Every structure is written in structure tokens, then in C-alpha cells.
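Line by line, the protein sequences give chains X and Y.
Position one of the first sequence corresponds to residue 811 (the numbering used here), numbered consecutively onward.
Position one of the second sequence corresponds to residue 1420 (the numbering used here), numbered consecutively onward.
If you are wondering where the hints come from, they were derived from the structure by calculation, not from laboratory data.
All values derive from a computational prediction rather than experimental measurement.
Ideal placement from N, C-alpha and C gives every residue a C-beta, glycine not left out.
Hints may contain errors.
[Claimed, not checked] Each pair of labels, with its calculated beta carbon distance range:
#1 Y:Pro1742 <-> X:Gly921: 26 to 32 Å
#2 X:Phe918 <-> Y:Asp1821: 49 to 55 Å
#3 Y:Val1729 <-> X:Gly921: 38 to 44 Å
#4 Y:Arg1781 <-> X:Pro1070: 31 to 37 Å
#5 Y:Val1729 <-> X:Thr869: 56 to 62 Å
#6 Y:Ala1822 <-> X:Thr814: 27 to 33 Å
#7 Y:Asp1661 <-> X:Leu1090: 39 to 45 Å
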Amino acid sequence: MTGTLLFQSLVLGVLLGGLYALLAAGLTLYFGVMRVVMIAHSAFLILAAYLAWFFNQQTGMDPLLSLVVTVPLFFLVGVGMQRLLITRLRPATLTMMSVLLTFAVALFIEGMIGFVWSGTQRRIQLPYSSASVEFFGAHIAVVKLVAFALAALSLALLYLIMKHSRFGQALRATIQHSEAAQLVGIKTDRVAGFGFGLGLATAAIGGTALSLDATIYPSLHWHWIGPLMAIIVVGGLGSIPGAAIAAMVLGIGQSLLQVPLGTTWAQTIFYVALFVTLMLRPQGFFGGRLAQRF
Amino acid sequence: MASRLSSRTARRRTAAVVAGLSSTALVLTACSGGESEGEGGGSDDPIVVGISLPLTGDFSEPGKGVQRGYEAWAQFVNEDGGLLGRDVELKILDDQSNADRVVQDYEALIAQDEVDLVFGPFSTRLVVPSARVADEYGMLFVEPAGAANEVFEQGFENLFYAAPAIADDHYNYLADHILDMPEGERPQTVAVASMDDPFAQGTAYGLRDKLADGGLEIVVDEVYPPNTTDFSSIAAKIDDSDADMVIGGTQYQDAVNLIVALQQLDYQPDLAAFSTAPTNPEFSAAIGSETEGILSPTGYTETASWPSNVDFVERYTELHGNPPGEDEANAYTTGQVVAAAVEAAGCAEQGECQQELISWLRTNEVETVVGPLTWDETGKPQGAHLIQQYVDGEIQIVLPQDAMEADFVYPKPAW
Chain X
811 MTGTLLFQSL
821 VLGVLLGGLY
831 ALLAAGLTLY
841 FGVMRVVMIA
851 HSAFLILAAY
861 LAWFFNQQTG
871 MDPLLSLVVT
881 VPLFFLVGVG
891 MQRLLITRLR
901 PATLTMMSVL
911 LTFAVALFIE
921 GMIGFVWSGT
931 QRRIQLPYSS
941 ASVEFFGAHI
951 AVVKLVAFAL
961 AALSLALLYL
971 IMKHSRFGQA
981 LRATIQHSEA
991 AQLVGIKTDR
1001 VAGFGFGLGL
1011 ATAAIGGTAL
1021 SLDATIYPSL
1031 HWHWIGPLMA
1041 IIVVGGLGSI
1051 PGAAIAAMVL
1061 GIGQSLLQVP
1071 LGTTWAQTIF
1081 YVALFVTLML
1091 RPQGFFGGRL
1101 AQRF
Chain Y
1420 MASRLSSRTA
1430 RRRTAAVVAG
1440 LSSTALVLTA
1450 CSGGESEGEG
1460 GGSDDPIVVG
1470 ISLPLTGDFS
1480 EPGKGVQRGY
1490 EAWAQFVNED
1500 GGLLGRDVEL
1510 KILDDQSNAD
1520 RVVQDYEALI
1530 AQDEVDLVFG
1540 PFSTRLVVPS
1550 ARVADEYGML
1560 FVEPAGAANE
1570 VFEQGFENLF
1580 YAAPAIADDH
1590 YNYLADHILD
1600 MPEGERPQTV
1610 AVASMDDPFA
1620 QGTAYGLRDK
1630 LADGGLEIVV
1640 DEVYPPNTTD
1650 FSSIAAKIDD
1660 SDADMVIGGT
1670 QYQDAVNLIV
1680 ALQQLDYQPD
1690 LAAFSTAPTN
1700 PEFSAAIGSE
1710 TEGILSPTGY
1720 TETASWPSNV
1730 DFVERYTELH
1740 GNPPGEDEAN
1750 AYTTGQVVAA
1760 AVEAAGCAEQ
1770 GECQQELISW
1780 LRTNEVETVV
1790 GPLTWDETGK
1800 PQGAHLIQQY
1810 VDGEIQIVLP
1820 QDAMEADFVY
1830 PKPAW
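All chains should be modelled from the sequences, with the hints used to inform the complete structure.
See below:
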């Protein structure tokens, strides 16, 4: 093992962690707002990647432009899904039933992707697919850099919305104590719907970022949901900064562990972290209890 | 209140209708089941072939190719008057790339549906469990995809692999060619990355071990689980070793992702060999123009001049608009092998007939689209694979000498 390899792995880990952070942020948002375990998050992610691929295939334009359509579309789908499906679940069993409901949604999306675009594995061919920039002896792929930038930008935007907009304040109030939020005049139903839409919008961005540098196929989402679930538990369910930090730490950890341990064992870091968290600090390492300290 | 009440009644009514319909369907299927049982073995009945394939899940890409091959075979046989004068009918189930499902599927096909013949599924991981089921029922089991050595070490007496060579022998021509190069010119160091899969590892390790025995140094030897999608770290290791040659024991998406990750790191080997993926038509669409020099073994080429292949390629191309790939050809070969045995034995049903089919294949040669095939007592075919390379933007046969379409390019151009 050389220093260059170590540094290269570190850089790759940071880039991977950035993407994980964006994807986990959406997932933790649903739980924070509504106590919903959203198994279909990664299915929407793959759907967005397919839409980006399809857009590129049809128009020949850069897949990033598909965001103009997919982000608002996913936001609306998210609001609709919350208003029409999630609210129908009984509050007492909401968390458990949401697993079943969103599992079904995930299967539905996977099936539809396969039905419409077949199981053929797709990849977007870009002129800069294999281009890279040199950075202190490490190579950084341009596509990974773009994905990372996209993730960082969206996370920053999400942070601004949550911290500094009236909607964000209402959303945080709903997360912290929805009855109290109702008492001060917040329409928590509508806020929850928008929160869900916001979470799904991050899936649109994440999926587009993913499509730049991945071969996609309908069942790919199952490979993503496990690590993402582990990340949001480690980060503290409902805490966006917690999810982002946990994602970064685990992403870098995975990348670095691959050097001595190989790919098979490096993957287990997510689950080891999950077990350790549940044993030592069930409320998560970085967030407060259910994100009360966003 | 009234409207809610009526809507509830309506809902209940719908439920009753649905329940009624489904029970009717059940009765209907039960009836039709009884009927076919009554007439089973009649000379006008179609010959039913039971197959389970991964149409969804990790192996759906090659699984669908195999499906196209089987369906083309059945269609062409029926157009030519059928087998033993009977039509051929395929019954294909989806095993979702799952080894438990594949066992259930073959149990159901053989015991419940009482199919006359079975064809194998795709991928070694699914072939072994399904061959065991077929073995228990004494069914002939010709399969298009179980190429790993372990398939032939299970003691199956009913299994035949319908391709020219097992995984470990795929790269034999390439290994010989590299070891024949002068010491100073040939690659000295080799990096290997393989999926944790018996077929993928069989191909890569067959070549790796032959090169290691010939004095080349193995500097990276990575294994990754089949669900790996991010190959940047493996690529970083290979790049760091600066090996002269890279071998990928790959299926499809892993090869594409690994190659792109290697390109992103600007790693430039003298030789790059990947199994399976490069022969897939999607491969160039995914990698673009940077495929030049990539090597891959193949058991099939559409340009081969075997008589049945010329016919197969022509009819298949007419049907689908594009020539068949390796998966389609292997599936078609499976059909040809079984058909040859059926024609020779003069029967196609469960029971003693299956043993006649097996005995005939043990001792006879079958002309197929991948050339004449014979098998040893374990069902291992007795041949080697052709080596293809991307030359001038097209995948062409470069080894062995007597089959080549283009000259072997070494060192490979930068990607």
C-alpha cells in the first residue's frame, strides 16, 4: 500500500460520502417529519436516474438538464403520495405500516421501470465520462466531482430552507412537536406534505447525480436502501446534519477499509456501525433525540 | 352517511365479484389441468419444455437473452414441422435470480406441470441447485450457462453443458499466446479483480493460474460481491499496482463500471481482458469509443460458418432485427442438443425416455451453432473459447490463428 493509494481512497471516500449525504438527507427528512420509514426512497432515486438517462437518450442533451423537470415532478409526486397514501395510515401504527406501504411502492416502481425500459442495464455515455482532474497526485473523475458539487449544493440549499425560511421553521416545528405547531397556527398537514415532497426532490437530484457515473438497472435500488437506512440510524433518525455527517464518515470509512480488507468486508461497515449505534447510543451518534436539535 | 354506506356496499360488492372471479379461475385451471393429464402423451399434444430464467433481478440482462434464444429455437422448430411431428411449447417461469426460487420452479415444472423436457436456467449459481432437482427426477438437464468447474464436480449424471468449453478453459488460447511471447515483450505483472461468482471467477482464475504458472507476477487479486456498484476503490488499487495486464472476472455492469473507473484514474494497461460484458451489444453504447483493444473470450460468434449457425443467424436477424448474441446462441444450442437427442431416441416425455436421451448424448456428437459438441462423463464439453478483441471499433476474433478475423493488438492502445 502506498501513500498515493491511501490519498486516492480518501478522495474517493469524500466524493462517495457526499452522494450518500444527499441521499440520506431525504430519507431522514421523511422520518423526522412523519415517522415514515421510506423504503421506496432509493427506488425513486433509480427512477430519477432512468429519467435522466431517457432524457439524454431522447434529446442528446446533458442529463443534468433533466433536473428542471424531475425536481418539480418528484416534489409534486411526494406531496401527492403523502396526501393520498401516507395520511391514510393510522397514526398508531404509522411507522410500521409505512414500511409495508413504501415497500410496495418500491416494488411497483421497480416493476414499472422494467416494464417500460426493460431490464437492460443502461449507462449514460458522456464526452466527459472518463475525464479526470489531477489533485495532489490523486485523480478525481469529473463526473464524480459534478455529482459531489450537486450534492453539496442541494444540501446547502436544504439547510437554508430549513433554517431560514418560514416554511422551514414550520417544518422544524412540525418535526419537534406537531400538536404544539398546530396550536400556534401551523397547518401541519400541508407542511408534512411539502416536507415529503422536499425529501423526494432530493431523490431526483441524487438520482441524476448517480446516473452520471453508474450503470443502472431496475433492481439497483435494493443495493442502496440498506446503507442509507444504516446511515440515518447512525446519524440519529430525523436529523439532517446527523445524516450528512454519518454519511461522510461511513463513506470515507468504506473507501479506506477497501484498501486493507477488500470490497466484501468493507461493505459491512454500515451494518457494524448500525449495530454499534443500536447498542451504545440508540438515538444516534450525531443527532439529538429524533432531531429535536436540528 | 348514506353515501359512505353505499360506497361501502359497493366496495363489498366489488370484493365479492373479485372473489368470485378468482375462484372461477381456480376451477378453470383445475379443469384444464385434469384435461391435459387425461390426454398426456398423445401424439398430437405439444411437447412442453419447462424452463426457469432470471427475468428480473441481478441476472435479468443475460436471462432475457437466454429467453430470446429459447423462444427463437421453439419458433424455428415449429416452423419446420416440430419435434417428432409435435409442436414445441415453452413454459418459462421467472426465478428472480434467486437460487431458492429456481429450485421451487423446477419442482413445480416437473412434478405439477409434468413438462416433457426441461432446459437449464442462467448462471452457475442457479444451475447447480436446479440440476439437482432435475437429477432427483431423472430428467435430462442440458444447460446454457453453468460453465464453472464446480458444476461438473457435483456428480450429476444427467447434466450437459451446451457450449464449447467450461469457464476455466475460456482463456486458453490467450494464455498460450501470452506465454509464447518472448520474455522481454510479454506483460510481467497482472492485476485480477473478479466477482464472487463461480463462473466469473472460473474464467479469471483459469487465466490467472496459467499465467502465474508461466512466471508472470500477480500483483492485485481482488474479489467483490455481486452487488458491488462502486468500483473506484478497486480501480485505485489496480492503478496503484501499475500492473501490465488487467483481468476482470466480470458479468456486465461490474465490467462497465470497473473499466470506466480505471479510465477515470488514467490507468493504461498493455492488455485488458474481461469476461462476458464486452460481447454484449450494450457494451460499446456504455463505454463509447474507448473500447479499443479490450479482450474477451466468447463461445459464439455470429459469423461462424457452421451450417446450422448460418441458418440461425439469418432467421433470428429477420425476427429481431439484430443478430443473436452469445446468450441467445447458448440457449439455442441447448435446444439443438436436446432436439438431437429426442430425434435419435424417438421420445420426449418423463420416465424411461429421459435415460435414453442421456445415454445417447454420452456417446454422440451434436452439430450446433457453436460447432460440433461432445461431452465427457461429467457433462463437460471438450473445447476452448475463441478470443475476441475490439479492433477498429469492432469486436473481432483474434485467436486462435485459424479462426481469426483481425490481428491480435498488443500492447493495447490507450483508453
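Tested hints:
| no. | hint | verdict |
| --- | --- | --- |
| 1 | Y:Pro1742 <-> X:Gly921: 26 to 32 Å | holds, 30 Å |
| 2 | X:Phe918 <-> Y:Asp1821: 49 to 55 Å | holds, 53 Å |
| 3 | Y:Val1729 <-> X:Gly921: 38 to 44 Å | holds, 39 Å |
| 4 | Y:Arg1781 <-> X:Pro1070: 31 to 37 Å | violated, 49 Å |
| 5 | Y:Val1729 <-> X:Thr869: 56 to 62 Å | violated, 40 Å |
| 6 | Y:Ala1822 <-> X:Thr814: 27 to 33 Å | violated, 42 Å |
| 7 | Y:Asp1661 <-> X:Leu1090: 39 to 45 Å | holds, 42 Å |
Hints 4, 5 and 6 from the list above are not met by this structure, while the remaining hints are.
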